[in-house]
Structures are given as C-alpha cells and as structure tokens.
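Position chain B against the provided structure of chain A, taking the given hints into account.
Keeping their order, the protein sequence lines are chains A and B. First residue of the first sequence: 1, per this note's numbering; consecutive thereafter. First residue of the second sequence: 1001, per this note's numbering; consecutive thereafter.
By construction, these hints were calculated from the structure, which means they are not laboratory data. Ideal Cβ placement from N, Cα and C applies to all residues, glycine included. Hints should not be assumed to be uniformly reliable.
Selected chain B positions facing chain A (Cβ under 10 Å, derived; list incomplete) [to be verified]:
1. 1062
2. 1121
3. 1126
Short derived list, chain A residues pointing at chain B, Cβ under 8 Å [claimed, not checked]:
4. 354
5. 356
6. 357
7. 396
8. 398
What follows is a list of derived Cβ distance ranges for each label pair [stated by the list, open to error]:
9. B:1109 to A:372: 30 to 40 Å
10. B:1124 to A:334: 42 to 52 Å
11. B:1109 to A:345: 14 to 24 Å
12. B:1109 to A:542: 42 to 52 Å
13. A:379 to B:1031: 33 to 43 Å
14. B:1026 to A:560: 50 to 60 Å
15. B:1052 to A:379: 13 to 23 Å
16. B:1136 to A:358: 49 to 59 Å
17. A:437 to B:1013: 44 to 54 Å
18. B:1144 to A:413: 35 to 45 Å
19. B:1131 to A:433: 26 to 36 Å
20. A:390 to B:1131: 24 to 34 Å
21. B:1013 to A:549: 34 to 44 Å
The chain contents come next:
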Amino acid sequence: MASLRPKILANLLRGSAAVAIVALILSPPLLAVNLGSAAILALAWIIPIAASWRLSNIGRSRAAAVVFVASAWLTLAVPAVLSPARLHGGSMVATLLVALLVLPTFWAAITGLLSLAAFGGAVALDAIGYSLPVIFPSSNGLEIFGAVLLSALVLIAVGLNFRDICPAIRIEFSEFLAHWVSNESGAKPSFCQRESQAAKSERRYRSLFESAMDCIIVIDRNGQIVDLNHRVSVTLGYVREELLGKPLAYVLDAQLMSRMYPRPADILTEHRTVRGEQELRAKDGTIRFAEFVASPLPDGNVLAIVRDITERKRAADAIKALNEALERRIAERTAELQEANQELQSFSHTVAHDLRAPLRCIAGFTTILRAEHGAALAGEPLLYLERINRNALRMQNMIDDLLRFAENVRGTLETTTVDMRSIVDAVLEDHLVQWGNRAKFEIGDLPQASGDPGLIREVWCNLVGNALKYSSKVAQPHIRIGGTTKGEMAEFWITDNGVGFDMAYADKLFAAFQRLHPANEFEGSGIGLATVERIVHRHGGKLRAYGQEGEGATFVFSLPAATHTDEVIS
Amino acid sequence: MKNGIKKVLVVDDDSDDTELTMAALRETCKDANATAISSGVEAFAYLESCAGSLHYGDALPDLILLDVSLPMLSGLNVLRKIKQHVQLRTIPVVMLTNSKNARDVEDSYRSGVNAYVLKSNDYSKYVQAIENICRFWLCLNEPLPAWIQQDNPGNRPC
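Next up, chain A with everything else stripped away, as it sits in the complex (with noise of 0.2 Å):
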C-alpha cells in the first residue's frame, strides 16, 4: 500500500486536473465574472497547498490529505458566506457564526463530494493501470504544483459560482442566509445583492404578470404581441401561443381596428401613459368591452394592462334601459296626467259658462215676466216668480262658489312670508261698513306665517265671513282674532259669539256643501269651509273647530311660520 500512495496522490492530483478542465471548459463565463476573486483566493490557497504538496513528498499522505481538503473549504466557505452575509447587512457575530457553522458544513459537502469524485477517479484510473500520460506526461513537481492550481481555482470558482448555476438554490440559499443573518436592509448593495435582487424581481414579476386578475399584454412597436398573461387566454379563448407575434389586430374586430388610438408607435415616441375603452373580439367571435392603460415599457415595448368590463358595460346598460324605461314611463303618465287636468279645466269652464248659461235664461225671462205682465201676476203667481229668480240667483252663486273652490285647490302655491295683520285688516275693512256700528272686533297679537297670500286672503275673508255671518242674529256680534307661535308652527284663532255648532256634526264642517243650519237661516253655499280647509291642508296645517250650540264658535287654523330671511308681503 505504500508504494501506492504517491502514485493515488499522484493520480488524484491528474483526476482534479481533469475535474477542473472539464469544468473549465463548461464554465467560462461563470469564471470570467468571477475571476478577479478566483485570482486572489488561488494565491491564498498557494501556501497550504504547497504544505500538502510538501507533506505528501515526506510521505506524510495523510496530513497532506486533511491540510489540502481543509484548506479547500475554508478558503472556498469564508469568500461565500462574507458576501452574502455582509451583503443583507447582519451583525458580524451573526456573519461569523453562519460563516463558521453553517457554510463550512454546507462547502465542505460540496468539495467533499468533488474531492471524493477526483479522489474517486484517482483511484479507478489507478487501478486499471492508466496514469493519464497524455495530460501530464510526466510527474516532475512543477507539473503537479500546476495541476492542483488549477484544480484549486476551478473548485473555487465553481464553489463561487455555483450559486449562479441553478437560480432556485440560489435565491433560496440567499433567503436562507437572510434570514438568519439580516434584521434590517439598506446597506450598500454588492455585485451578489444586485444579481439577488434582479433574480427576485424578475421572480416577483413574473409571479404578478400570470396571476394579475387584468389581462396584461405586451406589445412592441409594430402592435405584436410579444408578451401575455395568463389571463388574456381567459378572457379571449386563446392559447397562450396563438397570439404569440400576432399583430394586436388579430384580436381586435375588422371594424374597430379604425378607432384604436393612439398606435404603439405614438406612445413610445410621446412617452405617455394612455387610458381609454376598446372592443375586443374573442376567439369565439363574440365582442368583449375592455378598458385599458397603455404605458411604454423602458425596454421599447408598450405595455398595456387591460380589463375585461363587459359584465359591467352590460349591468349599466340594463341599468340605463331601465332607466329610460321608467323616464318613458314617468313621461307618458305624466302626459296623462296633464291631460286629465286639461279635461278637468275644460270641465270646469263647461260648468262656468255653459251651465250658468240657462240660469241667465231663467232670472231673464223671470224678469221680463214681472216687468211686462206684472200687473196680470199679482199676488201668488209674483210670489212664485220671486222664487223662481231667488233660487236662480243661489245656483249661481253655488256655481261661481264652486268655481272659485276649483281654482283655490288648484295651482300652485306661491309661498313666501305673509304679515297676517295687515291681510286681517284688510279682510275686516270690507265688513266694517256694514258691522261696524253693531260688531266688536278684538285682533290679539298675529304672527307672520309662510304662504301664499292670495289664498290666506281667502282663509280670512270666509271665517271672517262666517264668524259674521253666524252672529248675525245677537245684539252685539263680538269676533276675537288671535294668534302664536307653535315651534314651527304658526297658529291662528277666530272666535265669535253667535250660534255655534253641535260638536257632534264638527266632521260635517268642512265638507262641501254640507251645512248644519238651514239655507233660510243663513245664507251661503257651504264651500267656505271647505275652501278653507283646503288651502290649509296644502300649506300643511290643520284646521280644528270648536263650539257649542247657542255659545259660538271657535276656529283654529295652523300654518307654517315665517322663515325670517323671507321678503314680507302683506
């Protein structure tokens, strides 16, 4: 076995010169890049291998065993942890730890194993009697101190690169080391860092690119599609690798290829981002309503990120048919409505002219009759006659009563502040000619109220009206007029002292035509009340009334009160 050991050190040395040729050869470039760190560490290596070299001609091979395998991978296990480790900006004890536990361990299987395969090779060569004559003829010590240079500079540029060789292990060692190394980011970044990053980036990318929830297509200049997601086949029915170099027309209609705008070209050459709505046309034929953002890509590509929107274009379009629909609808029964109010006017006009018409024929010829035979009518015939007239006349006033009841409930309301004093002051003066001497007017303080001013002229002129009309048979009527302020309510009051009402026919007051004393015994159609109930009710107060039969009566009514900010109009 002695004799042999030179020779297997021998044939070891040859076997990691093959080893490192090989790989000489299928790894320039990984070499290249790391070259310069490759020379320094080569020169590192010099000594030990020298010692090794040194102990294996003294016949000391085991020695020269374990110097030369230690030496391999704490030279190669150092360099490799530092950077990484220096690179995600750990402590050092951290840095040391990892670089004296972990990664001796981790480098020392890997040159193990290539050491193990030399040294395996070594062997096998050894024992079919072939020494590798052709590479190294001879074994002065010059030949082997050059091949176990060479084996040591592969091993550590492949010990270097081999992070670079498979990507996956790369990343994943490098995650690793941050892990355990790195709290926190920042520091400078080193050659490794940036090819770290670019291989994450690209990772991340990628990742994002097939999972985005939007069709995402690249295009280049021309319009073909250079790039796509995962998605556009969704969306399109495509495969992948049919629209691969198509000309982004390929999925646009015929039609809608005039009203694409802005062309790749424009916005590469204006640099500027471009949203706007377009048809696609899926494999299947059918139109898809897409928006999109189109945005150059540094790598003179155009970018553009597409949403499918045809769900949504088709909700809102349900949603606008509907719409239009119901404004037809709404048109149409308004339309209807209108009508229905012009037939109710061209009612109202029938009964105004042509239903007072025949009345005017009646007092006429009632007329003429006592005019010119007077003399022949006397005594019951005249009486019925004056009936004949009296009752004419009440139809017509019922009629222009009615008439003006129409147009009160009617029309709109011109609303604004009222000043109630001066109304109620106006409304008595109209009466004090004829009361003035018999009946007591008391007018308490009158809030102002919001309303319109015509028709709350005409609130006062009827329960004025009234309020004299049902004292009319007292010796001295006496109306009191009064009001106040109810939160956003204002309220009025008019009492009088005449006739009043049994409550139990209050409901009955404020129905048209319904009266609760004869016709003999006061006057009136019976639509004043209603009239006045009405015209509250459309500003949105009450009318109440109180009494008691041979006690007079009490009226109240509510109105909005007066916005201060309104103009007064009395």
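Frame of chain A, contents of chain B only:
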C-alpha cells in the same frame, strides 16, 4: 249718420239667449230692427245675399252681434269670413258670448273683431250691456259712408 231704423243682426244658436238679446234690444233700442239667425252658415249666406243686393237698398246690417260657439261654422270662422269679405268687412262685429277663453278672445282680436263682450248672468246687467253696445255702435260711432261701402273698392276715389 243716417236717420231712421238701424239693422242689427244677432247670430246665436241658443234660442233662449237669442230671445233675451232680442228682448234687451227691444227694451233699449226702440229704433233698431233686429234679425236673429241661429247658425254661422246661414248668417254668412244671409250677409252675402245682402251684399249682392246692395243696389236695391241699404240691406247690409249696421251691427252684428256674434256668438263664439256656433255649430258647424263657428263664430270665429264667420268673423274671419266677414273680415275677409270686400263688402262685409267694414260692418262692426261685436262678439257677444259666454266664452272667457283667452284663446277665443285672442283669435277674435287677431281676426279683426270690433269689440268683445261677455254675456252677463245677471239679466239687468245683460240689458245694460246691450244698451251700451247699441248706443256706441249705432249712435255714437260714425260708420263708413254708405256710398263707399257700396262701391267696388277698386273704383274708390282717391
């Protein structure tokens, strides 16, 4: 202003109203000779025949009291025909009607009516209105001289 009897044409489809108008005319204008016609078509035919027989005397009415709402040819259309007629258009036409309709009033004025009077429901006021109309149009107002009226407008002296 001519002396003697004035001719008044009353056009109203309501016979009661016509009778009232006639009674009012009898009462207020003793020297008025009123003729009543109950349809627009007949009224215009009558007026045209009057115009045709001008040479035989002063057959044209001095005043026309016209109701707006007439069956077939409405009062407004009668008015338009009168005002477009070469010989008839100088006759004063007073609308005597129940219609307070603003449209009727406007159309009447645009068609050249001479006055628009509402029939009062109060008979005494009605009589008063008729009296005023007659006093103004038959007595106060100076009509177009008869010889011009009878002339063909083309031969009118300058």
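Quick rundown of the hints versus the structure:
no., hint, verdict
1, 1062, "violated, 25 Å"
2, 1121, "holds, 5 Å"
3, 1126, "holds, 7 Å"
4, 354, "holds, 7 Å"
5, 356, "holds, 5 Å"
6, 357, "holds, 6 Å"
7, 396, "holds, 6 Å"
8, 398, "violated, 12 Å"
9, B:1109 to A:372: 30 to 40 Å, "holds, 37 Å"
10, B:1124 to A:334: 42 to 52 Å, "holds, 46 Å"
11, B:1109 to A:345: 14 to 24 Å, "holds, 22 Å"
12, B:1109 to A:542: 42 to 52 Å, "holds, 47 Å"
13, A:379 to B:1031: 33 to 43 Å, "holds, 36 Å"
14, B:1026 to A:560: 50 to 60 Å, "holds, 58 Å"
15, B:1052 to A:379: 13 to 23 Å, "violated, 55 Å"
16, B:1136 to A:358: 49 to 59 Å, "violated, 29 Å"
17, A:437 to B:1013: 44 to 54 Å, "holds, 51 Å"
18, B:1144 to A:413: 35 to 45 Å, "violated, 52 Å"
19, B:1131 to A:433: 26 to 36 Å, "holds, 30 Å"
20, A:390 to B:1131: 24 to 34 Å, "holds, 25 Å"
21, B:1013 to A:549: 34 to 44 Å, "violated, 52 Å"
Going through the hint list in order, the structure does not satisfy hints 1, 8, 15, 16, 18, 21.
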